[in-house]
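Respectively, the protein sequence lines represent chains W and S. Following the numbering used here, the numbering of the first sequence begins with 1 at its first residue and continues without gaps. Following the numbering used here, the numbering of the second sequence begins with 454 at its first residue and continues without gaps.
Any given hint might turn out to be false.
When the alpha-carbon atoms are kept at most 25 Å apart in a straight line, the in silico SDA-like pairs for lysine to any residue are as follows [said to hold, decoys possible]:
| hint | chain 1 | residue 1 | chain 2 | residue 2 |
| --- | --- | --- | --- | --- |
| 1 | S | K464 | W | E90 |
| 2 | S | K578 | W | Q376 |
| 3 | W | K11 | S | A830 |
| 4 | S | K851 | S | L809 |
| 5 | S | K701 | W | D73 |
| 6 | S | K490 | S | Y761 |
| 7 | W | K4 | S | I460 |
| 8 | W | K11 | S | A706 |
| 9 | S | K851 | S | A830 |
| 10 | W | K5 | S | R525 |
Keep in mind the hints are simulated off the structure, nothing from the lab.
2 protein chains.
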Amino acid sequence: MESKKFILQEKDIPTAWYNVMAEMPVKPRPMLNPATKKPLTPEDLYPLFSEEVSRQEFNDTDKWIEIPEEVRDMYRIWRPTPLVRARGLENALDTPAHIYFKNESVSPVGSHKLNSAIPQAYYCKKQGVTNITTETGAGQWGAALSLAAKHFGLELAVYMVKVSYHQKPYRRSIMQTYGAEVIASPSMSTKAGRKIITDHPNYQGSLGTAISEAVELAMSTPNCKYTLGSVLNHVALHQTVIGLEAEKQMEMAGEYPDIVIGCFGGGSNFSGISFPFLRHNFSGERSTRFIAAEPASCPKLTRGVLQYDFGDEAGYTPLIPMYTLGHDFSPANIHAGGLRYHGAGAVVSQLRENGLIEAVDIPQLETFAAATLFAQAEGIIPAPESSHAIATAIREAKKAKESGESKVILFNLSGHGLIDMAAYDQYICGDLQNYEIPESEIEANVSKLEKLL
Amino acid sequence: MESKKFILQEKDIPTAWYNVMAEMPVKPRPMLNPATKKPLTPEDLYPLFSEEVSRQEFNDTDKWIEIPEEVRDMYRIWRPTPLVRARGLENALDTPAHIYFKNESVSPVGSHKLNSAIPQAYYCKKQGVTNITTETGAGQWGAALSLAAKHFGLELAVYMVKVSYHQKPYRRSIMQTYGAEVIASPSMSTKAGRKIITDHPNYQGSLGTAISEAVELAMSTPNCKYTLGSVLNHVALHQTVIGLEAEKQMEMAGEYPDIVIGCFGGGSNFSGISFPFLRHNFSGERSTRFIAAEPASCPKLTRGVLQYDFGDEAGYTPLIPMYTLGHDFSPANIHAGGLRYHGAGAVVSQLRENGLIEAVDIPQLETFAAATLFAQAEGIIPAPESSHAIATAIREAKKAKESGESKVILFNLSGHGLIDMAAYDQYICGDLQNYEIPESEIEANVSKLEKLL
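Next up, chain W with everything else stripped away, as it sits in the complex:
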């Protein structure tokens, strides 16, 4: 375990986010108004989101977008984060590959989610908003937004996916300790929640449903905006601080990644670690591989279709061009709650269609085996979500061993798993399982999408 850290100074915190849309060879298709089927404008989003992130959502011209000083001030609590050469893991695998990870788990809430929670709360506050809503899966995003809301003096209501509300009570308590209100979703507090509870009384919730509830509450509450922790372009934008720092740190290490890996739910941490490196592929300077690691039980990038679909279950959001399993796809109760989402963001979907990124899907048991090996070799207990990236890095390191190539692998450790120990407990006891999704189920969901257009 002679792992080596590469440490930046506070002055190295990026001053601008990297906007990948400005440089994509093929821009993503526009979001559509579901009623008129017309492309949306930033103004169409103003009722739902802060004006600034609405504009960021459509900005495909400015390569760099300045990070407000108030946001950087709060980033300073934990940023820059370390980059680590994982020699302990390399030794355990006896691989010639060099494995690096960017450690986003060191944030006070334990994940990368704070990178976007801060600007989203800040822009709301700046605009005079008093209340915000959101959804959360495993609770990583909800915890991050709770802290950011408290800092900027906003009231926050969080709809937390019911299965995680019960599986991960500690993360609910974290949000409450920061001062947020937390509601298990589906709930009786919204029309969308009541409908799904009525139709499926035992439904344990999904991110899609929780988004519907949070959107509905925001739209029906005065001076209230909705915020989203993944999927959208502005979230990916904010997360690029991860890759921008990692780029400097790889330079300190004197290496450049052959492969960059992030786990994949809606795209926020994968985009954050990947896009800054991807720009050197655009310029032809590099030919790095980018791998999105998704759960085998929620395989939109590997087994879904690129189609216009709703971002939520009830159909409140605009139509988004996404790789999707259909917005009423009901994901299995895996512990990687943050990856239980039916679709991929528009930018990642476009990059995938153009062959600029790859995707793999990993069964749950493989992710926990990888997580345990990583914990013992590097000391850090990873989040179940991040363990998908670790499992993928291990697969690539084993391939490097077979081929004898000394590949440089970089993955994003998006969060720690200290709140997920009940899941590890089940794994240790042999109580966890893999989930197979029959092709017929995907086809049935996806075939409904055509009528949306």
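Take the given structure of chain W and dock chain S to it, following the hints.
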């Protein structure tokens, strides 16, 4: 929340521990053999501990003791740790005081305990030991030793205080994920455990009992040593990396602490943050105040007596000169499991007797109020143990506000509380209480001590 971090580089990790015993104006009384009442020698401890820590335990001549390179290698996983100017907390308190905290919660196991777990495991391994045992309260020490044992290839059995085993199942799972065996104490696996279960069937355990069980197992297992996470001189020695780093960081901040605060169970983190600064009091150069913050329900330094006592409940250990509530004092089930110990280490006890350090005792509800304020102001959810230090820092900051003095306060954030969210949950729900210890109970326990000599 414009808190400022002071970040050191890996080269700033100390190369030697500071041995306070070499400079104390009055050395601590010697440990005694309970049968012969004669002072112990290092050799007397060899059956129980590794030879190197046995020698360190008695070393009162060498001011600096070199840190082995193998230990520094593993320190590099997370050290140096940040020092933070807690401007968020200062603002919330509207105090002229400058509040700093050393953030030991960033270690992979979430606390300072790894600082001593690593050398203890290393010295055992170096000597050819194959198995080790220990006790743990809240599980912080047990988790740290589990990781260190795995790293050096040692088998480990941990006796975990029963109340924490049930209150904090996640920390048990962390130890198991690192590969350790965890037994709830009191257990039927040892004579000491069987006796106390028979005498008190519902007893929820204490550190004193768990130590007895771990010592008994070590003594009856071939090639097995015992390790302890607090109380003893060598543990305090290893923890001085905290204060040595903090000293450099206060220099970066251009200030020197008027008050240094650590929470107090057996003394490990309090000693670690204090001793390096205390040496400048010895030299007359400074007159810093040092405050040990203990729970009102386990008040050995504020309400106990300085007496020879056993370190464990069953009386297996040497007699230690300690401020104590008596080794069969049964602490209330507060959530700060790491502070539920009847005695204080010999060095701290001596310093206290000589008026070189102070102590305060804090009721449980005050610690959770302080913890919640800190979490909202600084983002980090503190361990219930560390919250005693925070509450004390807040008391001192309020005094500074009343007197209008700009005091510089430094406290050690010994760990985070992410595994303790069930405790926060109870606090939020109003289910926590304070515990008063009647003077008669302390007198009854303490009066039995005289017959030990």
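Results for each hint:
Under the criterion of a C-alpha separation no larger than 25 Å, the hint pairing K464 (chain S) with E90 (chain W) is consistent with the structure, at around 24 Å. Distance check on the hinted pair: K578 (chain S) and Q376 (chain W) sit about 17 Å apart at the alpha-carbon level, within 25 Å; holds. A threshold of 25 Å between alpha carbons decides the hint, and for K11 (chain W) with A830 (chain S) the separation of about 23 Å falls inside it, so the pair holds. Proximity of K851 (chain S) to L809 (chain S) is assessed by CA-CA distance (about 23 Å); at most 25 Å being required, the pair is judged to hold.
Proximity of K701 (chain S) to D73 (chain W) is assessed by CA-CA distance (about 24 Å); at most 25 Å being required, the pair is judged to hold. Among the hinted pairs, K490 (chain S) with Y761 (chain S) is consistent with the structure: their alpha-carbon atoms are about 10 Å apart, no more than 25 Å. For the suggested pair K4 (chain W) and I460 (chain S), the alpha carbons sit about 16 Å apart, so the restraint of at most 25 Å is met. With a CA separation close to 16 Å, the supplied pair K11 (chain W) and A706 (chain S) stays within the 25 Å bound.
Distance check on the hinted pair: K851 (chain S) and A830 (chain S) sit about 16 Å apart at the alpha-carbon level, within 25 Å; holds. Taking the CA atoms of K5 (chain W) and R525 (chain S), the gap is near 13 Å; set against the 25 Å cutoff, the hint holds.
Of the numbered hints stated above, none is contradicted by the structure.
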